[in-house]
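Asker: Letter by letter, the chains look like this.
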Amino acid sequence: MTVYNKILAASVASAMAVSASAQDAIGEKIDAAFSVFANPFVNFIFAPIPGTSFPWIVIWLVVAATIFSIYFAFVQFRAMRLSISIVKGDYSDPNDAGEVSHFQALATALSGTVGLGNIAGVAVAVSIGGAGATFWMILAGLLGMASKFTECTLGVKYRNEYADGTVSGGPMYYMTKGFAERGLPGGKFLAILFAIFCIFGSLGGGNMFQANQAHQQLTGLFGEFSGIITGVIFAAIVFAVIVGGVKSIASVTEKVVPFMGLMYVGTALIILLMNFSAIPAAFGSIFAGAFTGAGVAGGVIGALIQGFKRAAFSNEAGVGSAAIAHSAVRTKEPITEGLVSLLEPFIDTVVICTMTALVIIITGQLTTDPATGLYILNEGGTIATATGASGVGLTSAAFETAFGWFPVVLTIAVILFAFSTMISWSYYGLKAWTFLFGEGKAKEVTFKVIFCLFVIVGAAIPLGTVIDFSDAAIFAMAVVNIVALYCLMPVVKRELESFMARVKSGEIKKYK
Amino acid sequence: MTTKFLVGYDGSDESKRALDFAIERAELVDASLTIAYVLEWSPYSFLTPEEIEQRHKRRQEEITRAQEAVIEPLIASLDGKVKIETVIKYGNISDTLISTATEIGAAQIILGRKGSSGITSRMFGSTAGNLVQSSPVPCTIVP
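Each protein sequence line maps, in turn, to chains A and B. Just so you know, we're using our numbering here: the first sequence kicks off at 1 and counts up by one. Just so you know, we're using our numbering here: the second sequence kicks off at 1001 and counts up by one.
Excised from the complex, chain B in its bound form (with noise of 0.2 Å):
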């Protein structure tokens, strides 16, 4: 079995730094690399009911709109270069990738980070900082 890196890309110049460094490690290692474009999303949200009731015709469009605008074209730009495998998937984005590193057995997470400082990150913390407190398997965060 190949080693697998997890990426979290959502198609933003700090994800792209985060994908063109962990092709450059997969080609070394000759890993393969997932790619997880996490959309960010809280089942304790407040909707009205008419949000409700076109919920889920939004989530099929977000989907269809995250593989078109995001996925697809970075599949065409990678040109087969690595193996990679995509996934679109709903939630809190740092609780997301490490539920899905640990269920495809990620030996790694790669993670771009916005370089948000102060005050904002102080009280909200960051993807970043909030993964790499709690991900059980190595992570590296890519300026």
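Just chain A, same shape as in the assembly (with noise of 0.2 Å):
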């Protein structure tokens, strides 16, 4: 570094140390200004049912994948053998070689869901909810499989294909299309609907909520400093990646966030391993408490209330965003799609989440009275873990116990994470913004500038509202997605029942 650069780097951070604390307050008038309108909708997205404690939407997302996992008969299970054969190409013209393979979009809607929620969320739920709550998010996971088979066959049945060769797809698309082949009323006004909340998903959970939590991991790395710096350092790469159509930074990522997840899960079988003889124990106590519920806040509810809700924010399934992904793929028969799509709940909550548990749990890290076997909990409730750290720090202690040297790792997961999260979710909302606005160059960018300097805000300033805002916002698409799903699930069914038939008869082979 040059003795100009330092200056000016030095310059640039003093200038940043000095804004901090105006950032702040402005940050918090922000914060203000925008609660006015957002805790109402918030209080509705998370408003408990009348008389317990169990939030609403969390019921809908659970009634819903167990209602497609009826309807479809169990069709994760009874499919799944054959799902992974779609996966491997058993089943792909070699002519078709050069588009997009199952396996790319399985492995990019997975890099959207895997992150925070793995990691942090997981830790979170076990926290509060005990070893039990595993057990109810397990449940979650294998049910919400059959929501994203159903949302992901119909993105790509009812998609717009250009002349160009490019496609668009999504609930949109499927609630305007799907509607009027069927002659049901209502399907612009979900569509139009669906694509204002994508907006604010993909601006907040998907964007500020990941650029925050970035920024929480390099503080607690380098120590404290402006987040802004943080902010425009991953604005700026997210504006080359998004913008600037810079290939390299994307596929660095795309490379390095599937090793990062399989060095996550690879260290997690370490441990279990290297706990072997507790691994009973471990299970015994997640059955006991799933159903006993013995020593949490809440009881047996407050473990599944906690377990259902980690699955579905982590999973995704429902809320109609991996519809969006697996939509560009050029296929013959939208279930295949479909079929794919339904081994992402089971790779991101039954393997990566219980993995998360197991480890938090066979080290040791929730705290028992040694005389009555029961939890030792905190004040507010929660369980009182080892070391005292809660959230990523949890997760982050657990695996210290086994390698002194994984926290630097999983900063880095995380930060990684949260990036190709980011990248994900500026494709999807852009998608709804086009729904909205129209195709065309200038309208997309504008989108994406938006979404970078969001990126910014979300990193700079702590924003308790707009992120619960953001986190309502993706739930709000559940809930007009799930609508749609009950209105279409017909049509998927005939797909379903046309194609098995055929696999079976041999029309359909393998190629290999």
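Be careful, since some hints might not be right.
[To be verified] Some, not all, of what chain B presents toward chain A, calculated at C-beta under 10 Å: (1) Y1044; (2) E1050; (3) E1062; (4) G1091; (5) T1096.
Just so you know, these hints were derived from the structure itself, not from any lab. Since we're looking at a predicted model, the values are computed, not measured. Glycine included, each C-beta is placed from N, C-alpha and C at the ideal position.
Combine the two chains into a complex, taking the hints into account.
Answerer: Shown next, in the form of structure tokens:
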């Protein structure tokens, strides 16, 4: 670094330090102004069912997942072998080589969902709901596979294909085209509502929340510094990728993210093997906790809410985001994309989230009273952890018991996951944006620039209300989307039955 | 049925040497040539959502470019000297050449080599090396 650069860097840093307190004041103002209209919406989405502490939105997602599971005769279990076979490319025509493969679609959609929820969210769930929350999380993950299957099949079936070979798809398109085809009213209304929520969700949960958490990680590593620095750097990289079309950054990230994911699961497996003898006891406490709710705030219901909530937050089944990601794949049979996508909640929730939970449980992070065997609770009703950490810190502490270097790896992983989630959500938001305002270069760039600005806002300002609002927006997407899924599920059933019959008769054959 | 030779061709110098060699042999035994241009592609690479959306369009563009920039000048330069067929394919180069050879019943595969040696080829192998290892028909590697 030259002297000139050093001076420049120092002056920028001091300028930012000076403005940091001013920024906080601005942040509080934005927060206050925003909360006036955001709070009623947030309160509505997360409102508990009267007389219980159960948020109705969680029930909405789990009931939908259960209905789809039953309606499609548990397609997630009966077709799983077929799904894996499709992902491996066994049914892909070699003449279509060079088109997007099923594996690529799955990997891209997964990189949008695997992230903080799998690391921090699970830690929150078990520290409130105890080991038993894991059971309900796995159950919700398994059921969620059917929701993903339904929405992704529809996403491909009703997408728009343009003359230049590009495609646009997602819930907005199956709401308008699918409803029209079946002669149902209100498709356009649902689609617009969905698109609006999707833009909010994209800027919030898919952007500001990620930037905010990435900054938290960086301050954990380097000490306190202004979020604007993180925000500007992140925004610049995101800008380079989504506006500048810099392929190399995206392709590096897309290669590193799966590697990080595998490393995370691999490390978790090693820790489980190292504590092999403790596994039966861990499962014992998961089952016991799930049905007795012993010692956690809210008992069985408390554990169940935490588990269900975590699965829904993490795998986004029913939200409609994955339908946008999968709809771009060229396939002759829409159902194949649905079958591929049902593996996502399995990998995201049943495998990765469960690994996090098991490591936390097995390494003894949740403290129990030796006399009674019950959890020791903090004043707030959460379970006291061995190190006093919560969220990402709890996961980090659990892994650190086995590998001292893990927190550094975890920090890098969280930042990369945050980045890849942003890239995915920028696309979901863009699709909603072009649905509302029309396709066109200038319109697309407008949204992308807005998206980058929100990265800075998200990293720089403590945005309690805005974060709540964006979580609520993502779940509002699910409200609208699932209504559409109920209306269109007979279409999916016809496709599924026809496809399964043709696989059985050998009309659809394997190429290898 | 005439004998067919499969030639891997991408417009590079080494592939031109391989093609010259193939033309000589083909004229001697009155064989026909199938010239394959394989675009390196893995179904397991990772793409961003936007790349996925544009993949089909890009693929069309790549095929058009390959046809216009590589295959057509080649056909023009040969000027009907030998009987040729051309194909453009996607995939791993050696695997795709092998599957194409099997498909068309080629008597042999002719491929140029970059001549990379040392650490890179030790770690990642070379296309020519992989081809020789697993080809079902005789291969000629032209240096």
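Asker: All hints, please: hold or fail.
Answerer: Going down the list of hints, with the structure as the test:
{"no.": "1", "hint": "Y1044", "result": "6 Å, holds"}
{"no.": "2", "hint": "E1050", "result": "6 Å, holds"}
{"no.": "3", "hint": "E1062", "result": "7 Å, holds"}
{"no.": "4", "hint": "G1091", "result": "5 Å, holds"}
{"no.": "5", "hint": "T1096", "result": "8 Å, holds"}
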